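Just need the whole structure built from these sequences, with the hints factored in.
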Amino acid sequence: MPEPMLQITGLNSYYGDFQALYNLNMHVDAGEVLAIIGANGAGKTTLMRSITGLLPNGPGEVTYKGDAIGALRADQIAFKGIALVPEGRQLFPSLSVEENLLIGGQTGRAGPWSLDKVFELFPILKERRSAPSTALSGGQQQMVAIGRALMSNPDLLLMDEISLGLAPVIIKTIYDALPEIVGDGMSAVIVEQDISKALSVTSRLYCLQEGRVTLEGQSKAVSRDDISRAYFGVE
Amino acid sequence: MDWLNAIVQGMLLGGLYALFAAGLSLIFGVMRLVNIAHGDFIVLAAFLGLATTTALGVHPFVAALFVIPAMAVIGYALQRGVLNQTLGDDLLPPLLVTFGLSVIIQNALLEVYSADPQKLNAGPLEVTSIPVGGLSVGLLPLLTFGVAVMVIGGLQWMFYHTALGRAFRAVSDNQDIAQLMGLNRRHIFGLAMALALAVTALAGILLGVRTSFDPASGGARLIFGFEAVIIGGLGNLWGTLAGGIILGVAQNIGAQINPGWQLLAGHIAFLVILAVRPTGLFPRMSG
Ligand SMILES: Nc1ncnc2c1ncn2[C@@H]1O[C@H](COP(=O)(O)OP(=O)(O)O)[C@@H](O)[C@H]1O
Ligand SMILES: [Mg+2]
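Line order of the protein sequences matches chains L and H. With numbering that gives the first Met the number 0, letter number 161 in the first sequence gets 160, and the count goes up by one each step, no holes. With numbering that gives the first Met the number 0, letter number 36 in the second sequence gets 35, and the count goes up by one each step, no holes.
Keep in mind that the hints were calculated from the coordinates and are not lab data. One or more of the hints may lead you astray.
Per the computed footprint, the stretches of chain H lying under chain L, defined by three or more beta-carbons under 8 Å from a beta-carbon of chain L, are [stated by the list, open to error]:
(1) 166-175
(2) 178-190
Reference listing, derived: stretches of chain L covered by chain H, where coverage requires no fewer than 3 residues with Cβ under 8 Å from a Cβ of chain H [to be verified]:
(3) 24-38
(4) 48-60
(5) 97-108
The structure displayed is predicted, hence computed values, not measured ones. From the three backbone atoms N, C-alpha and C, an ideal C-beta is built for every residue, glycine too.
Put into structure tokens, the structure is as follows:
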């Protein structure tokens, strides 16, 4: 069996004295699209911050392509090919749309994604390339956030609640673009509160509850009951 | 004619103040650090200029070619070695540490050079003046002003048209997300301080050519720079130039009324503008 692209082993994450993740174990295979679901406060964003290096961890708690990256800084991990679309988009307000995308390509990693390719994926961004990022609608901002992450040509793309606060028609546009994004064999992790959305585009899922994995399974195989138990902890 | 002369000389002096202010503004803009030792770095640069001119027997402007990179290296090392450790949510540690630096620089200079006033000798350039429509404008102030405009213009261009400027703005906006882009904020902050002290080097040389300086001269330069930044509006480099000019003109008009009023007039202009427009004349447009 080939070793997974990302392996998380006994991950504990803290905010000061507060422990947000407890002895988490999970993995992402190469080329896989994975869902992570869980209620508000379950620890999904914390997990994203731990993987990307924004929260420091023990070196061996996160391994990526065989390297222990748990203790690396976020900028070092970015160069290794992990990109995050952060919750709430978090564009740089002082940068134009185009500059937000260009800075995503700062690592200079080679691959299929370029400014032109992102503009092809989301044509509206080309029209608004010179606008300040703050002048865009929420949906357009989410497109910039996704494009910014793609610009680094990641091997592993993490997306934290990309449908949060967006109108259904916009969510559809963004999710319709997903196959094109992961089509090149990129691995992806999709964090969602919208469970049916998450299940429809992924092959496997983990459910988090209060900082622990409460369910792991094939997206098609898990039952609604399993999910609601894992999600809410009701028996 | 005296009044016109005072205003023109004040404008040119404002160029020097803008150079004092540019580094201060850059550092605050990128990393929200108020460098209390900024004035002492200006004076340190002037002394480095003095050391170079005496050691090599070169013109101060040639010495600048050594002092600028030297100050840039000092800036980078200081940021990576000391100042980065003080940055965080609390604004107090960097204030205290740069205050400490100020004391250290002053005492070190005092130890080496004593409290005697020093001067950089730029030769005939210092007394050359050009007649402009009945006024006689000194070549040196004119040159200083030209340098200030070029430095401010260059910084502005760097900020908005280069990858480094983009990185500065991104780190200033959101350090975490900037790290996700592969930017090591400690390195970026180091580069910002290097650039700020490179500009400070120019300011120090031009100061030393214009007036005498001693190890205790830094405080007033910090105040002038600070006032220029605030008058112009935080984070706006052209505003900083305007702030420097307003300060210079106010000082010279004050001196025209009564020689003792020079500094007072500058401070009054600063306070009036602060009272009327607390965010400065040209605050940075948000977004
Ligand atoms: N910066 C922080 N400081 C302290 N506690 C935090 C911080 N961010 C999140 N938490 C806590 O960590 C837990 C997990 O939060 P989070 O990872 O944001 O959950 P999710 O993304 O699943 O909604 C929550 O209890 C939350 O209150
Ligand atoms: Mg979250």
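Here's how the hints hold up against the structure:
1. 166-175: holds (count 7)
2. 178-190: holds (count 7)
3. 24-38: Since three or more residues must qualify, the claim that chain H covers the stretch 24-38 of chain L is violated, with 0 doing so at under 8 Å.
4. 48-60: holds (count 3)
5. 97-108: Satisfied; 6 residues make the cut.
Checked against the numbered hints given earlier, the structure breaks only hint 3 and satisfies all the rest.
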